[in-house]
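Enquirer: One-letter residues, chain by chain:
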Amino acid sequence: MTGIRTEPITINLGPQHPSTHGVFRLRVTFDGEEIIDAEPVFGYLHRGTEKLAETRNYVQIVTLTDRMDYLASMSNNLAYVRTVEKLANIEVPERAQYIRVISAELQRIASHLMATGFLLNDLGALATPLVYCFRERERILDLFEMLCGARITLSYMRPGGVFQDAPEDFWPSLESLVGDLPHYLDELESLITSNEIVLARTKNVGLLTDEQAIDNSISGPNLRASGVKWDLRKADPYEIYDRVKFDVPIGAIGDTFDRYLVRILEMRESVKIIEQCLEQIAPGPIRANTPFFIRPPAGEAYSAVEGPKGELGFYMVSDGGVAPYRCKVRAPSFINITPLRDMLKGWKMGDLIIIFGSIDIVLGEVDR
Amino acid sequence: MNYLPGFIDFYTLYDFCLTLFQNFGFGDNAEWLSYLTAGVIISFIVINLMILSTAFYTWFERRVLGRFQVRRGPNRNGPFGIFQPFADVVKLIMKEDTIPTEADRPVFTLAPIALVAPTLLIMTVIPMGESSFLGSLNIGILFIVGVTSVNSIAIFMAGWGSRNKYAILGSMRGAAMLISYEIPMALGITSVLLMSGSLAMTSIVSSQDIWFIVVMPLGFFVFMAAATAEISRTPFDQIEAESELGSGYNTEFSGIKFAILFLAEFMAPIVTAAVVATLFLGGTKGFDPIPGQIWFVLKMFVVIFVLLWFRATWPRLRVDQIMGFAWKGLFGLGILNIFIVAIEIMIFRTEEGTVGTSNMLIMSAINWVIAVVTLLTLMRIYGQKKLERPIPVPSPLANMGVEAD
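Protein sequence lines, in the order shown, are assigned to chains D and Y. To convert, take the position in the first sequence, counting from 1, and add 6; that gives the working numbering. To convert, take the position in the second sequence, counting from 1, and add 2; that gives the working numbering.
Do not rely on the hints blindly, as some may be mistaken.
To be verified - Under 7 Å between C-beta atoms, here's a sample of chain D residues computed to sit facing chain Y:
1) GLU39
2) LEU129
3) ALA131
4) VAL234
5) ALA241
What the hints contain is simulated information worked out from the structure, not anything from laboratory work. Just so it is clear, the structure is predicted and the values come from calculations on it, not from any experiment. By construction, the Cβ of each residue, glycine as well, lies at the ideal position given by its N, Cα and C atoms.
Isolated chain Y (complex conformation):
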């Protein structure tokens, strides 16, 4: 596997700074100074990279949605309308930044930052080259699970702080939904951890001789559904629920605060796509002439497109149906998946605790059979119920006369 040169991680940068500062005679101060310098540089890179890709993503989303909807999408600013997001941002920044009189000012002001920060933090542990921005952080996936949980607090802060009924309804739904979907998401991740035997993102990638989407389709399904809910996209977009709640938790936000909420919201699919690509699609793995980074971006785009496809075609579930889906559906499937994968690993693992490629193939075969059988059974049970309709019988209360028929 080859990689594009030029990827830096925190510890390489730290070592470089340390040598630099020591040579310039900072002595004892060199250590914390290099931490600071390396940190600032890494943050600068991550934030700007993410903002730029979010800008591109919003354009991509609107173009793709346009195509789905028999229209063109933004095509006025620049070639193919690629500068549309910049025009949007300029517009948003120039808007008045209002804070409602009754709002809880500190909470209201902090909410956008609290929402955007975790999303950015996730990006630091995604291995985009040979390692992630934080080097090979040995608890990468645990870090992601922990950091994403902050989202629900941020959304609740936004809703609570703005003292608006629609906002509080949206954020109450959000808190309930996000916390519920943490569990199936963690279950999906657990099965990946069982396979890879490590919490580090880089080892998860390197252990995927066969992509985990092939090895455990059920785990992928559970994780993908839960992740879609975590970023509150259709069919789980209860937090915003445009047709019901106006705009949900961000109803009262305007100007740059809204721009930041918007940024966080549109950054989420990119981050999710990155996590899915790492956990299930083999991360930077691919075949050789094309560098790993390109593979990674391609995989991200596939996942993003699938998310957009959901968004363009599916209506929204009701709030109780969403909770039911998490606890009755995904929870059970996740447990089943872990159970099967754990047994298989117990049978197939080698001395070092890993599973060989040929055994992975056997596992995939078994898991695909189980996944297809499970999902088909569920579809049959619910599918037949869904098409059940009584035959329409004209009511005896009205009569159009004999010749009417």
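Excised from the complex, chain D in its bound form:
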């Protein structure tokens, strides 16, 4: 059988491809079905968010952050307004902090549901788990609609609090959703977690060791799936996270299955957090008295929150004017694709899609 000439084949996976989660391009070299090299190419969705921020005032920038990780606008809002508050020394009323945490946790559930659903879609499960995930996410979006009238690009938070208090009928709806979510998750897990084919496809595939993860500055569920117990909500508690009890789930070996399972477990923890917030929240003001044109003293601030995809940080420099002098975003999606090449090498075409899907990136955040 010697003498058959073979040569590697290079495929441009994307920017138009059903499984690139946006306009992401991977230049992959295959030897038959096996990947020997993979090079991520991005920037197709670059909109210059950081530069645009320099020409807008501090309240207007909230709308820009919505459009970064468009599946988790609340978390982006939270990360941004916290940085501004740190920069301008604004005290946030307690009720506003609770509402922010509730909405950020709801957003985390919504984002993880999308990640899980699309991972299963990438596995080839023809949209059934995806639609189940969407059904649940829909109720969360309905709640967001009650809060601020928008469903995706929310712009709900403001430096100093939130845009408006939650309406009366928000609370019963939230309570019923929190009651239903564990059942929803059970249903989803009964479809997926013990499925023979899912396990065959995901177990031991796309390993990311804890060392590798830390070296590549990975954060969020991907880091925890590798067994590193690191969660900013615990490690550096912000808002009222030090008043609620929750676990930080970790994975065993850092394979694709762990990354899936950690997300499911995190959703369950988020439900717990929301339940506790519902017990603790008390009436009060929801926004600090801030001027529309915030003029923070000259200086700089960095603040990060545990977003659904990882550590979402904003670094802002103020020169005392109405607009920031510089705004830099530490986008978890962007940093999480750093080890992609190492994770992909040696795996097959089908694994590429699910490894990439399990990292859960949003192109709006990668390219900004």
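For chain D, the structure is supplied; the task is to place chain Y on it using the hints.
Expert: For chain Y alone, kept in the frame of chain D given last:
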């Protein structure tokens, strides 16, 4: 067993034409003329019947998938959206039919036809009434095995001809997979042949005093799995692999060519259901007030629904796992099944070489025990391996501090 009247087969039609042509004084030419006429009429019936049922099937598939996915499915065109497939076909025909510049034109153009023809051919030997469209073709099942093999060539033609990397990847996978799954499929069929003692589809049906799914569950399992792979449905849909390869072998096809590929692809489950119903579910057999044809269609629908159920709930296997499943799993099970069935037939057969009903019952009992034990053993071996997970231990590389826990 009663049947709806009006079913015609090739040879009845041929005789009718022959008398007709001879009476009209065609003399020596009457013979080939009647062959031609009968052939054309039969082809016309089969093609149109299949196209219509495929149209209905696509609607059915989308409705059922819709129900599985907590949504409604097509419901706008006509009652319950039943005219949706016609709207789709009109749309596809009106699209521009493009051929890539670098494509191998003859191969590219022939591929859809090469794919749809074998599927239609299978339908000619399925006994839907007292006989099939080709009468009681005495090598019916052999004909099916032979004709289905053409599929892999057609899919490779489509992929190779379109000169597209995704298409060639899809069709390479397809060629490997389809050829591998021919073997377990043939093994499943062989056990049926041992039981019925004949290659003719009609005798296979008539020998099923007890349905063969009851007599040899293992054979049914092997055949069903292999057939699902042969038509490349989930969990074996490597050829298209939508989330991986865009659309696989049909990436470059558009317009009417795509419509024909689509037709072949959606005709395959119907044909498979028909073959499964004939081989394992007793074909047209049923109890009396309901005619045989209705029974046959009902059985087909059950099989089609099972295929849709697979499709709606299961993810896709990876390409090497699929090959492993064929060679390590199904191949062994198929051989085991043949071995057991052959021994049992040697013990139980009568003078004429057939097995009586009471003996079939004994065989079923033995085979069910063997099938359940085998599958449970395999499940235990692989099931325990599947749930093995190390207990998560926090990595020492990061520390959230004392109060974090």
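Enquirer: Does each hint hold? Answer for all of them.
Expert: Quick rundown of the hints versus the structure:
1. GLU39: With Cβ-Cβ at 6 Å, under 7 Å, it holds.
2. LEU129: 4 Å, holds
3. ALA131: Since the shortest Cβ distance to chain Y is 4 Å, the answer is holds.
4. VAL234: For D/VAL234, the interface hint holds, since the closest Cβ of chain Y sits about 5 Å away, which is under 7 Å.
5. ALA241: 4 Å, holds
In summary, this structure violates none of the numbered hints.
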